[in-house]
Amino acid sequence: MSLMNRLLPWRVLKAKGIMGMNKRNGDYIAAYNKRSQYPLVDDKVKTKHLAEAAGVAVPKLYAVVEIEKQIRGIAKKLEPYDDFVVKPSHGSGGEGILVIIGRALGGYRKGNGEMMTESELDHHISNVLSGMYSLGGLPDTALIEQRVEFDPIFSAVSYQGVPDVRTIVFRGVPVMAMIRLPTRMSDGKANLHQGAIGVGIDLKTGKTFSGVWHEKIVEQHPDTGASIVDLQIPQWDKILELTAHCYDLAGLGYTGVDIVLDRDHGPLMLEMNARPGLSIQIANQCGLLKRLEKIEALDDIPESIEDRVKLAKTL
Amino acid sequence: MRNLHVRLLSLALILFASGLIFYKVTKLGLPLLPSEEIEVWSVEARLGFDPKDVPIKAQLTLPRSPEGYVIADENYVSGKYGLAVEDKEKNRIAEWAVRRAKGEQVLYYHLQLARDNNEDVIEEMIDNSKKSKEKIVFPKIPEYSEGKATAVNALLEEVRQKSADIKTFTRELLLRFNSKTPDENVQLLLSEVKTDKERVNLIREVLAGARIPSRTIHVLLLREGMRHGSLTPWIQVHNEQEWLSFNPGNSERVMPKNSVIWQMGDNPIFNVDGGKNVKLDFSISRHTQEPLRLAEQRARKMGSRAMEFSLFSLPVETQNVYRILLMVPLGAFLIVLLRNIIGIKTFGTFMPILIALAFRETDLVWGITLFTLIVALGLAIRFYLEYLQLLLVPRLASVLIIVIILMTVVTILSYKLGFEHGLSVALFPMVILAMTVERMSLVWEEHGAGEALQQGVGSLAVAALGYLVMSNDILNHLIFVFPEVLLLILALTLLLGRYTGYRLTELWRFRATFGD
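These protein sequences, in sequence, are chains A and B.
Going by our numbering, the residue at position 120 of the first sequence is 119; the numbering climbs one at a time, nothing skipped.
All you need for our numbering is the position in the second sequence, starting with 1, plus 213.
Hints were generated in silico from the structure; no laboratory data involved.
None of the values given here were measured: they were computed from a predicted structure.
Take the hints with a grain of salt, since some may be wrong.
Said to hold, decoys possible - Below 25 Å or equal to it, Euclidean Cα-Cα: the simulated DSS-like pairs (lysine-lysine) are:
| no. | chain 1 | residue 1 | chain 2 | residue 2 |
| --- | --- | --- | --- | --- |
| 1 | B | K410 | B | K489 |
| 2 | B | K407 | B | K303 |
| 3 | B | K315 | B | K558 |
| 4 | A | K13 | B | K558 |
| 5 | B | K492 | A | K215 |
| 6 | A | K109 | A | K76 |
Stated by the list, open to error - Where chain B lies over chain A, by a calculated footprint (3+ residues, C-beta under 8 Å):
| no. | stretch |
| --- | --- |
| 7 | 2-12 |
| 8 | 16-23 |
| 9 | 70-84 |
| 10 | 120-129 |
| 11 | 219-231 |
Said to hold, decoys possible - Computed spacing ranges between beta-carbons, pair by pair:
| no. | chain 1 | residue 1 | chain 2 | residue 2 | range |
| --- | --- | --- | --- | --- | --- |
| 12 | A | A155 | B | G661 | 38 to 48 Å |
| 13 | B | G661 | A | K289 | 30 to 40 Å |
| 14 | B | S611 | A | D306 | 52 to 62 Å |
| 15 | B | L550 | A | Q36 | 26 to 36 Å |
| 16 | A | K289 | B | T718 | 17 to 27 Å |
| 17 | B | Q667 | A | S226 | 41 to 51 Å |
Where a beta carbon is used, it is the ideal one built from N, C-alpha and C, also for glycine.
Chain A with its partners taken away, still in its complex shape (with noise of 0.2 Å):
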């Protein structure tokens, strides 16, 4: 780094085209996310029904829960099904997530191993609709759907929980990869502020990079030591077309989606974010200024979907 650089360290940030959270919630969201459509991602409910109805593979929903009194009935509700996860409708950053595994001695077995007795289901759902996890606190809706069961090519580079690929979709272009890694210390959640990796993912082959944890770069996963560099992410260009797809859910603009790998059902989108975070750009260590601005710089996107996987993969 020469002395200039290293004095000014904001000219090597703004020569690798790194975006500050200023610039993301002024020149992106703010231009390119309409409040109206927030509410189309901020709730996972409205966003499953919209993706169920325009053809997009997400999760199977088994359950709403309102209101406190439906808690009770939840239990019976939940029979047919050995495993599944719940979620608030309106959380953020992976936040009052729970994922059950399994039952046993007439109770649940959460994802980290740990047994969980109905009443603390109960509870925690509870938790959920008075809005502990929601954004702003306001009371919510729970929601308990199918737990994906992810592709095994992962196993070895996950520690608990479910990786999943988020990507940066804008104006309908996918623009930049990762794949989210959970550890021991995010609680198999593949949230990256909780200490899941995020690995980067080459745009046009779908290979990664090496990963980011707690914004040093890593090339081994720290609870596997299985090396993450490298890896090939099955049906790629599946996962593409599919975020893709997402931006005509909502019509934001400027979205994270975030997706998963099943074992039998393929990839499958799990929620969309109107202010995905800029980690992203640790993961591959590259700015997204520049790809950004080269999307910007069009005046037309094309329709369909193929052209614009297309265009991703010139980025």
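Chain A is already provided as a structure; the job is to place chain B on it using the hints.
Then chain B, alone, in the frame of chain A:
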């Protein structure tokens, strides 16, 4: 396009606010900086007389612009008299008139004199008095009576030998008049003198013998609590450059510190046509006043609209509320800087500002101590509540109740232990405290103790910084006297609202990309 809009809007706000501030400072003389209180003398001149059975015309000489002082306020109590004030040379003459009056008549003139600390103004005045080339008339040698002439000439001769110029001449002369053992000549001259006035006239007569221009001025000595005071005559002699003042009573050269020249020249101090037993006396009291109020009074006297809509027109209690309220935007601006330019994380956007407001009452160190104590205890109890698996709102309410109980206990304990400061804990915004406890415990559970403590310390640091900014006397003064500063803050905030550069903490966050 949007940036241009914001910039133009900000520019307009900045220009408007700066213009208003400039007007208030230069035209109305509002002080930009807070200064210590200044002395204000309240002078009451009382002119009393018994009327004769004819129309009455009473004249009183008033100072116009006394050197070293500013007339902050003045008014006349005239009753049924008609009043006219006119300028006359260096004085003003107030003339009261009435066709008929019965019983003892009293007319009042109230004057508020503030010491003018503005040295420039004084210098300017001195310069002006030098520049204005007065025509000095050298007096003719008076025709003394025979016995007097010998005494005056002998005296003048003696003084002339012992002096070099007009200044020393006058001093020597006065020394002889004031000597405890005056020589024969002086004794002879003084033998006919009864009043101060006659004495001054005699001295001037002697000075005229040496063709020295002289005049009488009347000086009001400002003494706290003075009743029935009167003016003291002084003598001024001209040395062909300036007028030099002498106290005829003790030959002092320097005017006493607290004195004001009431009258200058040969006009009578007062004159009542149609009155007898005329008596003029002065009462004086001293008080201190903020320079700000003074400027404001002056601005009012000038009839400025800008002052009519100032915060000073509000009742004092309301003013005090706004003194605090107007500081909040500064705090908010600080938050914008810290969050969007620096990138510090805090619990709740404006929570630190509310805590900082509470610090105003508790002092910084005590505020931080009490805040930490309450939040720490609250957190401990909150973790226990988590175990009870309560619903959200009852849980929040419980935390609130516990916070208030803690506040009460801390207050009572610290009072018993003799810490006065512990009492001020009651001023903390308890709902904010409760929300802080709740949020901190959530962050603690979800992101770990490290993150929670980091945000907690961050919030406290921001609150401390906010306190320092919001309790700054200069800023406080500035924003209260010039509320248009708020528009400046708004303009800057709007500009920052379109700042899309990096935050300081992002340089650290993205350091991993510096690699190659």
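Legend entry - Earlier hints that do not hold, by number: 2, 3, 5, 9, 11, 12 and 17
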